[in-house]
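Order-wise, the sequence lines are chains A and B.
Counting in the working numbering, the first sequence runs from 1 upward without gaps.
Counting in the working numbering, the second sequence runs from 355 upward without gaps.
If you are wondering where the hints come from, they were derived from the structure by calculation, not from laboratory data.
Where hints are given, some of them may not hold.
To be verified - Straight-line distance between alpha carbons at most 25 Å, and here's what the computed BS3-like set of lysine-lysine pairs gives:
hint, chain 1, residue 1, chain 2, residue 2
1, B, K461, B, K526
2, B, K518, B, K560
3, A, K245, B, K500
4, B, K460, B, K537
5, B, K407, B, K460
6, B, K526, A, K262
Stated by the list, open to error - Covered, in the sense of this in silico footprint (three residues per stretch, anywhere, with C-beta under 8 Å from a C-beta of chain B), are these stretches of chain A:
hint, stretch
7, 182 to 193
8, 298 to 307
Keep in mind that this is a model prediction, so the values were computed, not measured.
Each residue gets a CB set at the ideal place from its N, CA and C atoms; glycine is no exception.
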Amino acid sequence: MSETGRHEDVPEEILPGERETAHEGAVSTADNPFADPGLPAHEHRAQDIDDRAARRSERTVALLFLVSMIATVGFIAAYVAIPIDKIVYIWPIGHISALNFALGLTLGAALFCIGAGAVHWARTLMSDVEVADDRHPIEAEPEVKAKVLADFKMGAEESQFGRRKLIRNTMFGALALVPLSGVVLLRDLGPLPGTKLRTTNWKKGVRLVNQSTNLPLRPEDIAVGSLTFAKPEGLEEDQEDFNEKIAKDALMLVRIQPQDIKDKKELAWSHEGIVAYSKICTHVGCPISLYEQQTHHVLCPCHQSTFDLSDGGRVIFGPAGHALPQLHITVKDGFLEAASSFAEPVGPSFWERG
Amino acid sequence: MKKLSARRRHPLAALVVLLFALAVTGGLYAAFAPADKAQADDTAQSLAIKEGKKLYAVGCASCHGSGGQGTTDGPSLVGVGAAAVDFQVGTGRMPAQQPGAQVPRKKPIYNDAQREQLAAYVASLGPGPSVPEKSQYSSDGANIGKGGELFRTNCAQCHNFTGKGGALTDGKFAPTLEGVDPKHIYEAMETGPQNMPSFGDGSLSKQNKKDIIAYLGAVNGDESESPGGLDLGGLGPVSEGLFGYIFGLGALVAVAIWVAARTTKAKKS
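The following block holds chain A by itself, in its conformation from the complex (with noise of 0.2 Å):
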């Protein structure tokens, strides 16, 4: 069968163990439309024949890492220069720190140069001869293989492994046990969360304090429509933990016609239509007060679940699984105070939350 004949049979594609043939062009492309057409021929580029245009491409690839290193020369003088507080205008950026304006630019264009006069040398100037290296098996000899195999044979012999099962089996052990402190120590990614996920400072007796004035609140202070963000008596800003802490504890006031207000409970917690909701989305935890007031609707930015106030902060869109929490309130002394714990746990849903 001749060659042409063979690949005649077979025109779809051309089989591994017939690439050896394929390869050496022996086809006609006009016959086999498939058939590797090989490189093309080497084409010269104008520098290659031309050593004035060579020339040309190597005074601009000069020129690049050239400017380059003035760049970085000019980094290090802005560096040492521009006061750090310095201001300018810049068209169309605006009013910007003039350090990291020309600490980014030089820095920027000493980068750039280098990697554009880099690409220009290997375009114009290094040899574009296109060559193609065939692969080769990387499996060893025979001979190898075998006396590989024989070497560990023998070592396997000479360490008795095999023979001596006490060894054996403690080493087995040993091994097996060694891992076990590395699980022990995972124990050290924090001390288990404990009542921490269900409770807050919150409870019977503690007043609500306005976060923006610090001011005990009371209910004259909360007009119908307005918002008011509210945290624990006792929780300061300059305490340590004040973060951690106002993550679960920040509170939203709003006041609402008490007719207006359609779920018996929350009219039941609120004081003459002020209600206290959590601040904390029960979907993943994001801050949420972005209250509409002729709605009563709190949106959350982070992914849009929505809840109705008017109606026991219930979820209306949006992937939040739970209500918001509602605080119960009353008044003593004058003064907004907390007549319970939050009910149910504050911020996003927990594997135990039930």
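Please build the complex by placing chain B on the supplied structure of chain A, with the hints as guidance.
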């Protein structure tokens, strides 16, 4: 000359009669209408209220009711105070052009004098916040740093960290605070226009409001500094990501194409 009665079947006859009748009725009313009550309290204030009432009847009563009691199309104006009027009319939001999710800011329709008259009239309907003095919203004696903290706690959730605005539900939005008169910002906090909650003095003290306004002036004014460079609208990761994807990746793609492009070959001669 034809008699007048000869033209009684002219097509325009009915119109002429109607105009005549209207003119006579109006003229008679003007002549015999009861004179205004004696001007016992003819102070500037009561004059302003009277003028404001006239403007109100023409421009506002259709939605807010003839006495400011509110209708299904507009809320009651009893007790909203002069500050609310100064804000709504001064920013051009009122009178509203059309009903919708939210009434946007536009060029004011009433001039300063008319706005003051309207404010005087609405303030007379019930006690409410008055228009703030310049000393209340100027940045003298304000703590910009504290203002930033207060803004991030109370305002940033809707208006963005530097007051660039943001989206709410069902087509409502928190407008940008860029280029808004400090007086209007103060009034908005005090009165809570449209769906914005109000922040009365029990919620944010007078000094708190002053600090917030000073903070906005520092971060969102014409001269505000942006030391990090192009702030891309200050909208955060959305505009930054878009810029990165289009211009950052675009530049990388362009460079990659240049690196891999075939070099020009010498012409065969």
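Now the hints, each set against the structure:
1. B:K461 x B:K526: holds (20 Å)
2. B:K518 x B:K560: holds (23 Å)
3. A:K245 x B:K500: Holds, because 21 Å separates the two Cα atoms, which is no more than 25 Å.
4. B:K460 x B:K537: Holds, at roughly 17 Å.
5. B:K407 x B:K460: holds (23 Å)
6. B:K526 x A:K262: Holds. K526 (chain B) to K262 (chain A) sits at ~24 Å (cutoff 25 Å).
7. 182 to 193: violated (count 0)
8. 298 to 307: holds (count 4)
In this structure, the one hint that does not hold is number 7.
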